[in-house]
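Asker: Here is what each chain is made of, one letter per residue.
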Amino acid sequence: SKEKKLYQKPAFRYERV
Amino acid sequence: MPEDCIYIARSSAIAARALAGEMMVMNSADSTFFTLNEVATAIFQAADGHTPLREIVRDRICEQFDVDSEQAQADAEQFVAELSSHGILLVSNQPLAPEAPR
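Protein sequence lines, in the order shown, are assigned to chains A and F.
Letter by letter, the first sequence follows residues 1 to 17 of this note's numbering.
Letter by letter, the second sequence follows residues 1 to 102 of this note's numbering.
In isolation and in its complexed conformation, chain A is listed as follows (with noise of 0.2 Å):
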């Protein structure tokens, strides 16, 4: 059986170089 990976909430984080 697939053991299927700890989903999180697709997130992003940015900075303005």
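Keep in mind that the hints are not guaranteed to be accurate.
To be verified - A few chain F residues that don't get close to chain A, going by computed Cβ distances all over 10 Å: (1) C5; (2) G49; (3) T51.
To be verified - Some chain F residues close to chain A (C-beta under 10 Å, calculated; not the full set): (4) M26; (5) S31; (6) V39; (7) F65; (8) E70; (9) Q71; (10) L90; (11) N93.
It should be emphasised that the hints constitute simulated quantities derived from the structure, not laboratory data.
Cβ coordinates follow ideal geometry from the N, Cα and C atoms, glycine included.
Fit chain F to the given chain A structure using the hints.
Answerer: Just chain F now, kept in the frame of chain A:
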């Protein structure tokens, strides 16, 4: 936009590299630097312009992660809308031709 018809493609104005399961994306248009988490990275990498978002969620997210399809679909739609607003992803209800790199 009907959820069955969402197509996403990566913008040509970006440079992206994967590192330790996360994707780092630089938007050259406004010098903004993004770091995507693992689920976001899976969606981003599958954004080829001709695979519907629903298929990406089904084949990439629900296959790899412990989540039900409705939750994953709703989260993915919100995510692509946010990245689209930053110019990282292109979103359409029709298949998108991949942009040539600038």
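Asker: All hints, please: hold or fail.
Answerer: Hint-by-hint comparison with the structure:
No beta-carbon of chain A comes within 10 Å of the beta-carbon of C5 of chain F; the shortest separation is about 20 Å. With 10 Å as the threshold on Cβ separation, the claim that G49 of chain F sits away from chain A holds: the shortest Cβ distance comes to roughly 18 Å. Annotated as non-interface, T51 of chain F keeps its C-beta farther than 10 Å from every C-beta of chain A; the closest such distance is 16 Å. A least Cβ separation of about 8 Å between M26 of chain F and chain A falls short of the 10 Å threshold, and the interface hint therefore holds.
A cut of 10 Å between beta carbons decides the hint on S31 of chain F: the least distance to chain A is about 5 Å, and the hint holds. Of the supplied interface hints, the one on V39 of chain F holds, with its beta-carbon coming within about 4 Å of a beta-carbon of chain A, less than 10 Å. Because the smallest distance between the Cβ of F65 of chain F and any Cβ of chain A comes to about 4 Å, under 10 Å, the interface hint for this residue holds. The interface hint given for E70 of chain F is broken, as the beta carbon of that residue sits about 13 Å from the closest beta carbon of chain A, more than 10 Å.
Taking 10 Å as the C-beta cut-off, the interface hint given for Q71 of chain F holds, the closest approach to chain A being about 8 Å. A hinted interface residue such as L90 of chain F counts as satisfied when its beta carbon comes closer than 10 Å to some beta carbon of chain A; here the least separation is about 16 Å, so the hint is violated. For N93 of chain F, the shortest C-beta to C-beta distance to chain A is roughly 20 Å, which exceeds 10 Å, and the interface hint is violated.
Hint compliance for this structure: hints 8, 10 and 11 are not met, and every other hint is.
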